Every structure is written in structure tokens, then in C-alpha cells.
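Enquirer: Chains as they are written, first to last, in the UniProt record's numbering: chain A, 1 to 355; chain B, 1 to 355.
Keep in mind the hints are simulated off the structure, nothing from the lab. Wrong hints could be hidden among the right ones.
It does not matter which identical chain is meant; a pair holds if it fits inside one copy or across any two.
Stated by the list, open to error - Keeping only pairs whose Cα atoms sit at most 20 Å apart, straight-line, the calculated EDC-like set for lysine to aspartate or glutamate is: (1) Lys226 x Asp22; (2) Lys344 x Glu26; (3) Lys51 x Asp294; (4) Lys251 x Glu283; (5) Lys311 x Asp84; (6) Lys51 x Glu205; (7) Lys311 x Asp59; (8) Lys226 x Asp117; (9) Lys31 x Asp206; (10) Lys311 x Glu142; (11) Lys51 x Glu198; (12) Lys251 x Glu273; (13) Lys251 x Glu26.
This one's a predicted model, so the numbers in the text were calculated from it and none came from an experiment.
Listed here are the chains, written in short residue letters.
Number of protein chains: 2
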Amino acid sequence: MNSIESNNYTIYFDNSLQSLTDLLAERNYSKIFILTDELTGEHCLPVLQAKLPDLTEFDIIEVPNGEENKTIDFCIGIWRMLLDFEADRSALLINLGGGVVTDMGSFAASTFKRGIDFLQIPTTLLSQVDASVGGKTGIDMENVKNVIGTFAQPQAVIIATDFLKTLSDRQITSGFAEVIKHGIIADADFFQEIIQLENAREISEDQIQKSIAIKNKVVLEDPFEKGIRKTLNYGHTIGHAIESWSLSNEKNSLLHGEAIAIGMICEAYLAKELIGLPETDLEAISAAFLKYFDHYKMKQGIDEQLLEIMKQDKKNTSGNINFSLPNKIGNCQINLLVDNNLIKESLEFYRNLEF
Amino acid sequence: MNSIESNNYTIYFDNSLQSLTDLLAERNYSKIFILTDELTGEHCLPVLQAKLPDLTEFDIIEVPNGEENKTIDFCIGIWRMLLDFEADRSALLINLGGGVVTDMGSFAASTFKRGIDFLQIPTTLLSQVDASVGGKTGIDMENVKNVIGTFAQPQAVIIATDFLKTLSDRQITSGFAEVIKHGIIADADFFQEIIQLENAREISEDQIQKSIAIKNKVVLEDPFEKGIRKTLNYGHTIGHAIESWSLSNEKNSLLHGEAIAIGMICEAYLAKELIGLPETDLEAISAAFLKYFDHYKMKQGIDEQLLEIMKQDKKNTSGNINFSLPNKIGNCQINLLVDNNLIKESLEFYRNLEF
Numbered sequence: 001m002n003s004i005e006s007n008n009y010t011i012y013f014d015n016s017l018q019s020l021t022d023l024l025a026e027r028n029y030s031k032i033f034i035l036t037d038e039l040t041g042e043h044c045l046p047v048l049q050a051k052l053p054d055l056t057e058f059d060i061i062e063v064p065n066g067e068e069n070k071t072i073d074f075c076i077g078i079w080r081m082l083l084d085f086e087a088d089r090s091a092l093l094i095n096l097g098g099g100v101v102t103d104m105g106s107f108a109a110s111t112f113k114r115g116i117d118f119l120q121i122p123t124t125l126l127s128q129v130d131a132s133v134g135g136k137t138g139i140d141m142e143n144v145k146n147v148i149g150t151f152a153q154p155q156a157v158i159i160a161t162d163f164l165k166t167l168s169d170r171q172i173t174s175g176f177a178e179v180i181k182h183g184i185i186a187d188a189d190f191f192q193e194i195i196q197l198e199n200a201r202e203i204s205e206d207q208i209q210k211s212i213a214i215k216n217k218v219v220l221e222d223p224f225e226k227g228i229r230k231t232l233n234y235g236h237t238i239g240h241a242i243e244s245w246s247l248s249n250e251k252n253s254l255l256h257g258e259a260i261a262i263g264m265i266c267e268a269y270l271a272k273e274l275i276g277l278p279e280t281d282l283e284a285i286s287a288a289f290l291k292y293f294d295h296y297k298m299k300q301g302i303d304e305q306l307l308e309i310m311k312q313d314k315k316n317t318s319g320n321i322n323f324s325l326p327n328k329i330g331n332c333q334i335n336l337l338v339d340n341n342l343i344k345e346s347l348e349f350y351r352n353l354e355f
Numbered sequence: 001m002n003s004i005e006s007n008n009y010t011i012y013f014d015n016s017l018q019s020l021t022d023l024l025a026e027r028n029y030s031k032i033f034i035l036t037d038e039l040t041g042e043h044c045l046p047v048l049q050a051k052l053p054d055l056t057e058f059d060i061i062e063v064p065n066g067e068e069n070k071t072i073d074f075c076i077g078i079w080r081m082l083l084d085f086e087a088d089r090s091a092l093l094i095n096l097g098g099g100v101v102t103d104m105g106s107f108a109a110s111t112f113k114r115g116i117d118f119l120q121i122p123t124t125l126l127s128q129v130d131a132s133v134g135g136k137t138g139i140d141m142e143n144v145k146n147v148i149g150t151f152a153q154p155q156a157v158i159i160a161t162d163f164l165k166t167l168s169d170r171q172i173t174s175g176f177a178e179v180i181k182h183g184i185i186a187d188a189d190f191f192q193e194i195i196q197l198e199n200a201r202e203i204s205e206d207q208i209q210k211s212i213a214i215k216n217k218v219v220l221e222d223p224f225e226k227g228i229r230k231t232l233n234y235g236h237t238i239g240h241a242i243e244s245w246s247l248s249n250e251k252n253s254l255l256h257g258e259a260i261a262i263g264m265i266c267e268a269y270l271a272k273e274l275i276g277l278p279e280t281d282l283e284a285i286s287a288a289f290l291k292y293f294d295h296y297k298m299k300q301g302i303d304e305q306l307l308e309i310m311k312q313d314k315k316n317t318s319g320n321i322n323f324s325l326p327n328k329i330g331n332c333q334i335n336l337l338v339d340n341n342l343i344k345e346s347l348e349f350y351r352n353l354e355f
């Protein structure tokens, strides 16, 4: 099976889940817990059990589905369950799900009894290429994404592309936004390669691996986000704000990748204005997202609210809103401060795009 | 000024708080927060301000006094205040208080935006000799002490013995239990020296420093409690259970050191039965605590409840209750499993002691 070495753990590409069997045989865990959400409990857990008929001794902890539930309340629920099931320091938590499960589960594990082992089995394209690699854990609070969290490394990450079959097209496309991002910030050839795909579902295991390898290289170089790791935040300053706004104001709210796709278009506009991203690159970036994503009807009159949310972003220092922007496709600059009026202009640029 | 080097930070013995002035001058913090509880806000903050008249730019976060408030609810309150005051990653949290403030404040800081700088200014004898050294953060949940927490190092620890003048005799004596513990587990001469004191308030800065140096040596050798650090848990398996029981069942509940003092007597009894602690040492240990502490009227009929709480202890693995016990004064063994009946016998031994 293929694998990538990360920060003291291995990322396995392993549909058989043999790597999980091996790891459990090698370690002597006192108890095994599997964290799922309602959806992965229904659709992914049976897949896992079919692959591993011998794995019978575990307890299930389930949280509700959706980013709006990545909260301290549900994290407390996980802690309480671990306590009630008498988890000790030699227990293992397996996070089986998308970013909500992997982010919140790893936060819960990294703080329970000052840290128990955890293992990531990301089941969405988004969490496979993003959330499960890099040692960040987190929950949201007061509209601020991942504002409470730790740096903590899993025992392993297992990428089983079979789980992607359980996803809706919308979920797959959402994850694809981060794949495109990896091309824009670090690898122009990869960008050209993946935007040839007719739709996100055509992504191959090889391309997923390439996407993860890009992110992994960056986080290994800068685990605590002092420098180059910030390039991964491209699209996320504006994108997170739109995502948060949508979560608290819209019934059918945006998925993470959908919001980040909007953020990347807006921030490409900023990059053109500020650091000379070529007009043709701005067009290529806009066209790429235009190919896979619908045009979001971003309400007029919410720009001040969005700026307010951006101000709360973890990435800021001293009240300035901090951006990572590409100066060309394949290369990204960090620590760029942007004037509020220009940010509003970029939102307007998105609104006026012809999809 | 005297100082001790710990794990990438310095412990200053510094009544002038010059070390704080120097640290703030050297770093460029975007905002400074001071966490206090109701008592330290009233009694210690004015002392700090009198020592540092130039420190005027800070926000105060206050939590209620007492171990029963070292909870996730008040931790959420700290996180919300940091968010509302727009703390960014370059903010500093100064924890000014006893163990509740230093444990909970450092947990809040170590998880806010994945970790902001924090500084410990312990104001009780207990937190000076114990909670503020060793990089453990934590809050309690469902009667289990420090069950949620992280390992995180402060930027510095500042010991100003002037703050001890603000304490009641009961508070000072509580902290003294941990000083005696350091003698029992690691330094027989120090044990003999400190039990000569008429009362806990007579403790000198030199003796406080010696006590911290013992703990610091142990935690430097074993920061993540894989081995020798467990010796610091002597008295804490039974002591924590009694403390938790008292917190949820008694109006005038035991202080940490008072409970640990009981735990050390009980566990010295276990040590005599199991690993040959000499009878004379058991008598010396009992006599030491008898000198400074009242006899606690430990209710009959609560032993099963206490055992239930002990089972939840973080230090356990695979359902066994794990003890650290001295085989003589000045030396301590770890990873000892004890039969439930013997534990009950040790509680009975305490109950029957003549004070």
C-alpha cells in the first residue's frame, strides 16, 4: 500500500484498512472508541465493519452531523462518554468522518486526561486532503472557526477512497476546492492537471495522494504555522467569514469548500490588485471554480458583518486582517495586510462575476 | 534574584516582579490579560499593581474562587472574554492566583487559538510549590480532577512570597502538605528540616525554593509522566477521591492539601503493608500531618463511593487503581496496584488514628 510520512506518523492509502489491523495488533489499547456523526455512523461504519470483521470490541460515540455542531457542547459530550465508558490513558479514539469528526474528535482526544491516542479515518474528500493532515485540532465558538484547539499528532491517518462513494456530489465538490487550492498555492502543473476533470468525482487516488503530499510538505516544514504553512490559508480569510455568516444566517448553509471557493476568487482579486497576480491567472482561478461550483447569491449589505467576522480570525495579529495571496498560480505570499475597502471591492467582484 | 531553570522557562523568586517588567519589555504582546479569582482580584491584584505602577494597559478576567469552579463552564467564560476583547495569538494571559486560576488559566491559554503565551504568578503556597511548576494544565469534570487538560509550558513562573501574606492560616497549611510530600518522596533531610517548623507560616523563601527544586528536578526528568514523575502522585490517589467526595458532599469542603494530607497517611499505611515502609516511617509521616492538620471526620459508609472515584483517576490503566508509594522516607516507588480491601483498611487506619 502507498504511504506518506508526516510528523511522527504515517498517512496510509489503504482501502483494505490492513494498516488499522496492524496498528491495533501492535499496540495494547485498553479500550477502542469510534467517533462518528449521524451520517458516517449510518454509511461509513458498516463499510469499516465489513472490511474488518474481526474488530468487534469497541464503543461508538456519535455526534450530530454538520459544522454548526463542532462546538464545545458536543465536545463535552465526547468527554463525558469517554469518562462514562471509563476510558483511561491507554484508550484509543478512532475518528471516522469528515472535518467535524476529525477536528473535534482530535481536540477531545488531545485534551482528555492530557492526551490519549487518536487515529484519523477521514471519510470525505475535504477531510482526506485537508482536515486530517497537519496536526491541528479544533472546535468553533461564537462564529469563529477552530478558535479553540491544540496542535496534536494522530497515531496514523488512513485514507480509504472507498468511503468517498458514500458522499453526495455536493460533498465531493466541496472537498475539491481544497485540492484546487493546493495547485494554486504550490504546484501550477497540478492545478492544470486537475481542472481538466469533468467533475470532482473523477478525482483519482493518485491525485488525492498528490494533493495530500503538497499539504504534508508544507506542514512538515512549518508545523506551528510561523511561516510557509500560512500559504494554506489562501481563500480562508474571506472564505471562513462567508462560511460563518452562512452558518448562522442561512438554513441551507454553505459547505466549507463552497465558501472557500468563493474566498479564493475574492482573494485572487486582492492578489491581482496588491501583488501583481496576472489578470490571466485571476481569470483561470475564477474559471476553475466557476466550472465546479454554482454562483452563490451573496447578499448585499452584509459586508460589514463579514469584516467583523474576519477581524476575529485566529490568523490576525494586532487587529489587522491577515491574508495569504498567490502572486502567480503555483506560488503564494503570506502576511499581507489588506485595506477594508479593497476587501469589500473583492466581494463585489465576486457578486458581479458571470457564472 | 534567585531562579530555577525548568522546561524552556525560568522560575523566578522575585518579590519585586522585576522579572515581569523585563519580560514585557522584551516581548511585544498585542494585549495583556490578567486572570484572577474573586479573592486574588481583591487581595493580590492591588499588591501587583503597587509593585508595578507602570503596568496600566491590561484587561482583567475574573472567575469565582474555589476548586468547585475549575470547570469547563468557567473555562468557556475565559475563552469568551478573550474573544470579546479580541485577543489574538500575540496576546499574553497572566494567571494571578492559586491552583484553580493557574490550572484553568493555563488550560484556557494553551487551547485559545491553539495556544497563546501565559505566565504563572502563583499566590498560594500550594500553587507556588505545586500547580505552577511542571507544565500541566487542567479542569475538573464529573468529580474527576484535572481530567481535561494539556501539557503546556508557561513563559515564566514568578514566585513572590509577599502574596502569601494575603492568605489565611488554613490556606498556608494546605500548601504545606505538598512541601512535606516533596520531602517524603525524594529528600529525607528536607522532610526532617521542615517538620521542625512550629507552623506552616514559618516556611522560608529558601525552603519554598528547595521544595520547588525537588519537583522541578522530577518533572524535567520525565515531563510527560511516563515514569519517575508519578512519584509526585503519592497521596493523590486516595487524596483526590476524598477531595472530590468532599467537594460534592460537604458545605465546608476540604482544601486540596488537607485532602492530600489524609491521602498520604492512608497511602503510607498501604506502603507499610505492601512494600515494607518501616513502621517508624509510617509513624513519622502520620505524626507530621497530625502536627499541622486537624483530624478529618471521614464518614463511615462512603468507602465504595471513594473507590468508584479512584477508578476514574487519570493515572489508572486497564481498570486498576494505580499508586505511588514510599518504601522509606526519601524514596518512592511507582505503578503499584492495590487490592480494594486493603484500600478500605487504609481508610479505616486513618479513621482510627488518635489526633
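Enquirer: Are any of the numbered hints broken by this structure? If so, which, sorted upward?
Expert: 1, 2, 3, 4, 9, 11, 12 and 13
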